[in-house]
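K.L.:
Residue strings, one per chain:
Number of protein chains: 2
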Amino acid sequence: MIDSKEKVQYFIDLQTKIVAHLEYIDGNKFITDSWTRPEGGGGTSRLIENGRIFERAGCNFSHVLGTKLPPAATEHRPELIGQSWEAMGVSLVLHPRNPHCPTVHLNVRTFVTESGVTWYGGGMDLTPYYYYQEDELHWHKICRQALDPYGADLYDNYSAWCDRYFYLKHRKETRGIGGIFYDDVSTDQAFDMTQSVGDHFLPAYCPILLTRNEQPWTEEQRNWQLYRRGRYVEYNLVFDRGTLFGLQSNGRTESILMSMPPLARWTYNYEPEVDSPEHKLMQRITR
Amino acid sequence: MIDSKEKVQYFIDLQTKIVAHLEYIDGNKFITDSWTRPEGGGGTSRLIENGRIFERAGCNFSHVLGTKLPPAATEHRPELIGQSWEAMGVSLVLHPRNPHCPTVHLNVRTFVTESGVTWYGGGMDLTPYYYYQEDELHWHKICRQALDPYGADLYDNYSAWCDRYFYLKHRKETRGIGGIFYDDVSTDQAFDMTQSVGDHFLPAYCPILLTRNEQPWTEEQRNWQLYRRGRYVEYNLVFDRGTLFGLQSNGRTESILMSMPPLARWTYNYEPEVDSPEHKLMQRITR
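As you go down the protein sequences, you meet chains L and Y in turn.
Using my numbering, the first residue of the first sequence is number 1, and each one after it goes up by one.
Using my numbering, the first residue of the second sequence is number 1, and each one after it goes up by one.
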């Protein structure tokens, strides 16, 4: 039998803490939607639409159980064939209305097998519509603080991994300005490190959100945000392994697609004017 | 050497004819964007944005050349290894502004190898936001007329293929109300049949478009359209083989993604009221 109590409790508490904080900031309540899965386990989706700050914000906790590891998981580890397993985690995407406020993504998760083999994965990455260097410095400083206690080279490695992972090949763009990404980590400290990532999310994001939300915005800036949100859709539906795996494996579609923006625009061959604020963002993320 | 002149001419003429007709209907001109591909060949994209009827409408012609067939193409035909090839076709997606007007997709294409082996594929399918039985009857009647001269069972087969192909597994919905889909057809009549499909597009779609465009629409109906357009995005980015192949093979991104709607909305767990017009559409496409 798998003893996952401590892990489950951490993820539930993280979701509760983050949602309470975001509700305080927004001034509106998130709805709560709990669901179960015929194959075992379930989850709770917390969501707000048309809030004061958040046009759409979702934070999912899920804990799913299986009686037999899928072939993909045991391909390189035949000793695990036939074992039961649990997967759990918290996944969040926030889409503020103000185009000066960046969209943000957080995910922390673990996978445990019957014999106790455990993997961790996760990270957080920031997707601004306008580029502010001071926001980037703050974001990456807190990302580094989350990882430094667990290894001096972790931030450099996981930050580079983040840029590689959140890359739109067909656009030659990163999704945003990066952060942390890691997967399949099973070191002794992996659970502590994963908790640290989860716990550093609010201090990394909220100061940026609250500062930028004070800036007024124009219809043109709003249109640029909607256009850039189209890239978020493209990334999540074409490249994101979590989204595709979820959709292909009978996951709960509405919870998986809580990451979609509330409204997105596509315009043919749009290129911002050279030296415009929009162009400055493109220079930062094109590679 | 491949002699593809007759085919190329058909596809160019089809694009010209369709665009001229749509320009007349809309009252505005399509832009023309021609491009070449470093590996050989190129194409012409014709597009309108913010037209009178069309919020976004794109019609691509492309003709790309290769010196060596890719491994996927020769896996089951080793006799073709190393041959040069050409692929060409016309691909169209129209997104009218009025929610009573359906979105429509047409694609006709062919693939030719050096030794003359030739495949055809294509079809057309209709994606309404509101369900009108008389529109469906007209649409499928013309689809049948396009295919009947080439085999009594073709319409039944290709119409069923269309429903299977344009299926959103994670939503348990077809993309729309179907039409025609076929692929890898290399019968003697395949080119004639493909021309017939292309030539039947305007009579199949335009009467529906012009009739529905006379109906006034409300903000609520517009929101429903934007919400349903989210499904179009999901289908094209998660399932459509043409789109994914294009994006993964260094195709011209802006031409491939001309199929995206100009504006799309996502709303959590939205379900139309029972017996509403929106619900009637869902009943038609849920399976």
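These are computed hints drawn from the structure, not numbers from a lab.
Careful, some of the hints might be misleading.
For chains that are exact copies, the list does not tell them apart, and a pair is met inside one copy or across any two.
Here are the simulated lysine-lysine pairs, DSS-like style, with alpha carbons at most 30 angstroms apart [claimed, not checked]:
1) 5 to 68
2) 169 to 17
3) 280 to 17
4) 169 to 29
5) 280 to 5
6) 29 to 280
7) 29 to 5
8) 169 to 68
9) 141 to 169
10) 280 to 141
11) 172 to 5
12) 68 to 172
13) 68 to 280
14) 172 to 17
15) 29 to 17
16) 141 to 68
17) 169 to 5
18) 68 to 17
19) 68 to 29
20) 5 to 17
K.L.:
Next step is simple, just say for each hint if it's right about the structure.
P.N.:
Hint check results:
1. Taking identical chains as interchangeable, the C-alpha atoms of residue 5 and residue 68 lie at most 30 angstroms apart only when both belong to the same chain, with a minimum of 20 angstroms there against 57 angstroms between chains.
2. In the homo-oligomer, the alpha carbons of residue 169 and residue 17 never lie at most 30 angstroms apart, since the shortest distance is 35 angstroms inside one protomer and 35 angstroms across protomers.
3. For the identical chains of this complex, residue 280 and residue 17 are neighbours neither inside a copy (35 angstroms) nor across copies (42 angstroms), given an alpha-carbon limit of 30 angstroms.
4. With identical chains, the CA atoms of residue 169 and residue 29 are never at most 30 angstroms apart, being 38 angstroms at best within one copy and 32 angstroms at best between copies.
5. For the homomeric pair residue 280 and residue 5, neither the shortest alpha-carbon distance inside one copy (47 angstroms) nor that between copies (46 angstroms) is at most 30 angstroms.
6. In this homomeric assembly, residue 29 and residue 280 never come within 30 angstroms of each other (Cα to Cα): the closest approach is 36 angstroms inside a single copy and 33 angstroms across copies.
7. In this assembly of identical chains, residue 29 and residue 5 lie within 30 angstroms of each other by CA distance solely inside one copy; the values are 28 angstroms within and 64 angstroms between copies.
8. Taking the shortest alpha-carbon separations for residue 169 and residue 68, only the inter-copy value of 24 angstroms comes in at or below 30 angstroms, while the best intra-copy value is 35 angstroms.
9. In the homo-oligomer, the alpha carbons of residue 141 and residue 169 lie at most 30 angstroms apart inside one protomer (27 angstroms), although the nearest pairing across protomers, at 42 angstroms, exceeds that limit.
10. When the C-alpha separation of residue 280 and residue 141 is checked against a cutoff of 30 angstroms, the pair qualifies only within one copy, where the shortest distance is 21 angstroms, while the shortest distance between copies is 53 angstroms.
11. In this homomeric assembly, residue 172 and residue 5 never come within 30 angstroms of each other (Cα to Cα): the closest approach is 42 angstroms inside a single copy and 35 angstroms across copies.
12. Proximity of residue 68 to residue 172 under the C-alpha cut-off of 30 angstroms is restricted to the inter-copy arrangement: shortest distance 26 angstroms between copies versus 39 angstroms within a copy.
13. In this assembly of identical chains, the alpha carbons of residue 68 and residue 280 never lie at most 30 angstroms apart, being 50 angstroms within a copy and 41 angstroms across copies at closest.
14. Taking the shortest alpha-carbon separations for residue 172 and residue 17, neither the intra-copy value of 36 angstroms nor the inter-copy value of 35 angstroms comes in at or below 30 angstroms.
15. When the C-alpha separation of residue 29 and residue 17 is checked against a cutoff of 30 angstroms, the pair qualifies only within one copy, where the shortest distance is 13 angstroms, while the shortest distance between copies is 55 angstroms.
16. In this homomeric assembly, residue 141 and residue 68 never come within 30 angstroms of each other (Cα to Cα): the closest approach is 41 angstroms inside a single copy and 49 angstroms across copies.
17. Taking CA atoms no more than 30 angstroms apart as the test, residue 169 paired with residue 5 passes in neither setting, with 40 angstroms inside one copy and 34 angstroms between copies.
18. For the homomeric pair residue 68 and residue 17, neither the shortest alpha-carbon distance inside one copy (33 angstroms) nor that between copies (57 angstroms) is at most 30 angstroms.
19. Taking the shortest alpha-carbon separations for residue 68 and residue 29, neither the intra-copy value of 38 angstroms nor the inter-copy value of 59 angstroms comes in at or below 30 angstroms.
20. For a Cα distance limit of 30 angstroms, the shortest separation of residue 5 from residue 17 inside one copy, 18 angstroms, qualifies, whereas the shortest one across copies, 66 angstroms, does not.
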